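Work the whole structure out from these sequences, hints included.
There are 2 protein chains.
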Amino acid sequence: MFVGISVLLDFTGVIETGFHNAKKWEDLLEQAIEIGKMKKLSISSHQFENVQKPEASLYPDCVKGGATAFALLAESHISVHTWPELGSIVIDIFTCGNEMNLPALIEFFKGTIPHTNLNLIQIQRGDNPE
Amino acid sequence: MFVGISVLLDFTGVIETGFHNAKKWEDLLEQAIEIGKMKKLSISSHQFENVQKPEASLYPDCVKGGATAFALLAESHISVHTWPELGSIVIDIFTCGNEMNLPALIEFFKGTIPHTNLNLIQIQRGDNPE
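Sequence lines, in order, name chains A and B. The first sequence begins at 1 in our numbering and counts up one residue at a time. The second sequence begins at 1 in our numbering and counts up one residue at a time.
In case anyone wonders, no lab produced these hints; they're calculated from the structure. Wrong hints could be hidden among the right ones.
Heads up, the list lumps identical chains together, so a pair's fine if it works in one copy or across two of them.
Capping the alpha-carbon separation at 27 Å, the derived lysine-lysine pairs in DSS-like fashion look like this [to be verified]:
#: 1; residue 1: K23; residue 2: K40
#: 2; residue 1: K24; residue 2: K40
#: 3; residue 1: K23; residue 2: K39
#: 4; residue 1: K110; residue 2: K39
Keep in mind that this is a model prediction, so the values were computed, not measured.
Below, the structure written as structure tokens:
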């Protein structure tokens, strides 16, 4: 039995620095939740420092000034991770709700984030082949 | 260019009620982060009420006593959603770190959660076909 749907959005060519800012993503997630007709439980975010010598970091691939934001929802979650140096933004939507508007939510992200390419994967979750 | 890896774990047959408890999942995520050699930024969770008349809820499929837990990491995130009435637990791991131990993390979840079936999908993220 399926329990929900994962939508994985991989944006590339996102060069506007505003879209790599954690506080902006908190605002965008608030808007997205309203547009998707979802119920927020909490939103959190983190701004990574712009490390000049990433080789000195424990996690060189993750700490070059990107942002992470996360919304915990009654209908599950939305996560955002950004890599300004690569122009990449990766968004995961996981939903188990019947009443939310998933297409509107996806269109909001597609229309709001200036990008050159988008890979979208949709996966039904919780399937049990037995 | 790939920016990270998503691992989607869909467990079924999880009938032990402890694995549908949000506080237990906060503890399990702490253990998982240590085993995976990751760096925690924050952990949050939510316990849904055990609604007796789910049809009275705005979100009937999401509020039957399940748990949600989320770890924000330097290497990205781990999310957990559970459905006790279906025996389902869905875990998403998203990582961009080189130094973490993803196989050990997956083995930890497989070995810790008593289940009858597991679907595992691994997806490279941020690919740009252009």
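How the hints compare with the structure:
1. Taking the shortest alpha-carbon separations for K23 and K40, both the intra-copy value of 17 Å and the inter-copy value of 20 Å come in at or below 27 Å.
2. In this assembly of identical chains, the alpha carbons of K24 and K40 lie at most 27 Å apart whether taken from the same copy (17 Å) or from different copies (22 Å).
3. For a Cα distance limit of 27 Å, the shortest separation of K23 from K39 qualifies both inside one copy, at 20 Å, and across copies, at 21 Å.
4. In this assembly of identical chains, K110 and K39 lie within 27 Å of each other by CA distance solely inside one copy; the values are 21 Å within and 31 Å between copies.
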